[in-house]
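S.K.: So the chains spell out like this:
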Amino acid sequence: MVATMNRTKLDELGAAMAQVSDARADAPRAVHGARQRLRESLAEKRARRTAPRAARWVVPAAVVGLCAVGGAGVLGAAWWLAEPKPLTAHVESRSLALSGDWISTAAETKQLRFSDGTTLSLHPETRLQLRETSPRGASVVLARGRALANVEHTGKAEWRFTAGPFQVRVTGTEFDLAWDPDTGVFELALHQGEVLLEGPQVEGTRAIRKGDYVKIEVEPRQTAGAEGATRRADTETDPAHLADGTHDDLEDPLQDEAHDGADTAPADLADEPGDDTASAGADARRPAPARWQDLLESGQRSEALRAVDRVGPARAIEQASARELWTLANAARLGGRPELARSALQVLRSKHGQRGQTAFVLGKVAADQLRARSEAITWFETYLTEAPRGPFAEQALGRLVELQAGTPSGRRAAEQYLERHPNGAYAPFARSSLR
Amino acid sequence: MPPSGGSPQRAEGISAVDASAALAHLDPVMSLRVATARSTGTEPESNVVPLSVSDEAIVRGLVAEEQWAADALYDRYAGAIERMLRRTLGRERHTDIEDLLHDVFLQAIVSADKLRDSVALLAWLQKIAVHTAYRAMRRRRARSWLRFYEPERLPEVFVDDVSPELREAYSAFYDLLQRIPASEQLVFTLRYVEGMELTRIADACDVSLSTAKRRLAKAEARFSTLASRDPVLAGWIGEGTWWPR
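Those sequence lines, one after another, are chains A and B.
Taking this note's numbering as reference, the numbering of the first sequence is continuous, increasing by one, and the terminal residue is 1037.
Taking this note's numbering as reference, the numbering of the second sequence is continuous, increasing by one, and the terminal residue is 287.
Chain B with its partners taken away, still in its complex shape:
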């Protein structure tokens, strides 16, 4: 049942005679641009974002430095990239994730002319995101030896349906990951938290498949050893499970 907002109508119920309405229905932005171009005889400046265009069109738009293309790229992939950064890095404040997300898309947009295969737009963004996340991890670890440096840590904000056991495991999980090398942490979280396949991980990390496998195996071994000694995580990787069914 649709929410309020009018009576039902067939999808193709727009009259062929009413061309402007049909155009508006299909693509309001393009219709605006066409209308403006007709009235002024000049190519108008695009001021609104097309809602759906192909990846190829987005890349062409980015190369031509059109604002709508940057908006469309962000609209389409920001959620996926934010999730990837957040899951890879773990307990980051939203402002830090915001910074990284900004950096990923800024880099992607300004270097769009280097992207040859627009079919791989998501993979390309993931590659930039992985490198950005890796740099962030390295920066954080480099700072950590400074005893007097206390990074601001805000309390985690969760929605209510996360159990205390899961929150505790979450904190322990990412604390423990700090103790394994950044390159291995990256492969490990991409595989187990983000759920990426190894070939895509290798591609995103810009390494061969065998290197990715080797890093993952090392990370698994280190993580399992450390987790087995951790009072919170031992239950997860030992017998039985804490996973709520």
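With the rest of the complex left out, here is chain A:
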């Protein structure tokens, strides 16, 4: 039996462990990451449910059939185990068609997981393409940005990375690779293993080993062959699009060879902006683009946000009504565009005088998406000042408890929370933060 005194010590220890656990910097990432995957899983489940189902007799028949071929199956399994399996890849929980898929990030990060255990972690503002996959690896084109690659060392792995005019050949290693086509800066940092590097200013093939860091600057205009296409595309593309992490097809250094797969990438993975940089003649033949307001009302959030970019976010916000700003703010919030959501909400406050709820949503955007803790605290406090009995008062106070945990203000918020909402969603946390 543990003495009461010891229980007090355990309480004290447990509270300290809770505090340390909450101080982990990666907790918001887990919540954000799981949200994206959950949406995809639910969409997948719904899609599967709408697919036609097999008749009832199919299952018993299949069982009989399976028994009949059981012996052959054992032999087949032996062959299957010996044969290398085709490579598959996922971004979060979504499968990728490996040939020609483009993956882009804007403000967020993404992780690609391959069936051989290899992972590619994409930094924000990064764009890459998967090409020429084989059971032993793939050819990856880093068109822009930075990626951390962890290539599983299987002994037979064959991965090739192209970043501008540089080629990196890999058999199993961990490294950071970056390429900026605007400045012509190539960077490679080896954390594990060894890679082979080829490219301008590199004599032949050079082995780069663990701990090595390579930075090579090339003249952007003098990069050879297809690289020139990158430069041309960059100069022809609307800079606003580039700033938002969406890029034109022409930007890809291997564009001429990539027509087959690039256009088939899912919109939310590839974020292809479409035909923005096509010729003026083609533009004239095309129907007028849909208004972002209409796209939002018809539920096409991604398209609507692209339409906002085409108009220009500042102009779109300036011309929108209060109701349109609300819908835009929500769409931007859910579409991973927190800065746009914040701008729309601030205009709702400054121009349309909408108080209360705007402060709460601004707090949510700041806390959950912008990771701006002190800004979030200010907005939640503002909400509680403007709408102390509002529908989000419990949540706002709970978020203050959470954001200020371990501080005197956090304790005060926790006490207030427990007094007003003893059975609320944040009550266990508020109690633990008071111990």
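Warning: the hint list may mix true and false statements.
Claimed, not checked - Ranges between beta-carbon positions, derived for each pair:
1. His793/A x Asp155/B: 35 to 41 angstroms
2. Gly914/A x Pro206/B: 46 to 52 angstroms
3. Arg183/B x Asp814/A: 35 to 41 angstroms
4. Pro206/B x Arg738/A: 40 to 46 angstroms
5. Asp155/B x Asp778/A: 43 to 49 angstroms
6. Ser904/A x Gly280/B: 26 to 32 angstroms
7. Ala184/B x Ala649/A: 21 to 27 angstroms
8. Gln794/A x Glu98/B: 49 to 55 angstroms
9. Ala649/A x Glu239/B: 40 to 46 angstroms
10. Gln794/A x Arg209/B: 45 to 51 angstroms
11. Ala99/B x Leu1036/A: 30 to 36 angstroms
12. Arg181/B x Pro1010/A: 51 to 57 angstroms
Hints listed in this document are in silico derivations from the structure and should not be mistaken for laboratory results.
Every value quoted in this text rests on a predicted model; they were computed, and no experiment measured them.
Glycine included, C-beta positions come from ideal geometry on N, C-alpha and C.
Given the coordinates of chain A, work out where chain B should sit on it, guided by the hints.
M.R.: Relative to the frame of chain A, chain B by itself:
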């Protein structure tokens, strides 16, 4: 003092004549849906998440398979459930917690029709989270006998205000918990780290109150014995305290 964004206005300062603005102020999502339904004569597809609805409405929405309800459920409870998983399991990589959090909410959403009492929405999620955490512990322990299996462990990432002593105690605490049975570890962390009351722990673990008490007593005894031999934790459960005042 509110951050930048407009001049002050009374909360009820919206004119009764301007009905659409008032509606937008109260609930932008619903106003969008009403407006669309009026213009098209059909029920629009909801594409944005209501910011605040009751738990009852969320459950009804989940049963009707409305996306906004799944989003609202996640918005409201993901933080609490993530914290519970993280505190219960200890040193997990964020990707693992992400996996578990995804599993908890996916299970909750697809089985929402089984939830009869929407008042107990949080308790129901906690129950699913506890079972998910328990399975994760069992899986991790089952794998641990494989000597050649080295789970990837990334260095812990903390904010700067955690002292080295606390970090050390944190590592020792969860390492030590690996040595007591999973069912007891669960009750112990829910009680002492998450700060749950025993009746709620019993409910979340789907056991009787007496079983929960028995497991907790066993866990306390085992933990105290092991901690008293641990150079880092002995100071915490013996005389004096390391707790920073």
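S.K.: For every hint, state whether the structure bears it out.
M.R.: Consistency of the hints with the structure:
1. His793/A x Asp155/B: 35 to 41 angstroms: 48 angstroms, violated
2. Gly914/A x Pro206/B: 46 to 52 angstroms: 50 angstroms, holds
3. Arg183/B x Asp814/A: 35 to 41 angstroms: For Arg183/B and Asp814/A the Cβ distance comes to about 39 angstroms; the hint holds.
4. Pro206/B x Arg738/A: 40 to 46 angstroms: Cβ of Pro206/B to Cβ of Arg738/A: about 44 angstroms, so the range 40 to 46 angstroms holds.
5. Asp155/B x Asp778/A: 43 to 49 angstroms: 47 angstroms, holds
6. Ser904/A x Gly280/B: 26 to 32 angstroms: Once the Cβ atoms are compared, 59 angstroms apart, the range 26 to 32 angstroms for Gly280/B and Ser904/A is violated.
7. Ala184/B x Ala649/A: 21 to 27 angstroms: 33 angstroms, violated
8. Gln794/A x Glu98/B: 49 to 55 angstroms: Cβ of Gln794/A to Cβ of Glu98/B: about 53 angstroms, so the range 49 to 55 angstroms holds.
9. Ala649/A x Glu239/B: 40 to 46 angstroms: About 42 angstroms separates the Cβ atoms of Ala649/A and Glu239/B, which means 40 to 46 angstroms holds.
10. Gln794/A x Arg209/B: 45 to 51 angstroms: Since the Cβ atoms of Gln794/A and Arg209/B sit about 25 angstroms apart, the hinted range of 45 to 51 angstroms is violated.
11. Ala99/B x Leu1036/A: 30 to 36 angstroms: 31 angstroms, holds
12. Arg181/B x Pro1010/A: 51 to 57 angstroms: 41 angstroms, violated
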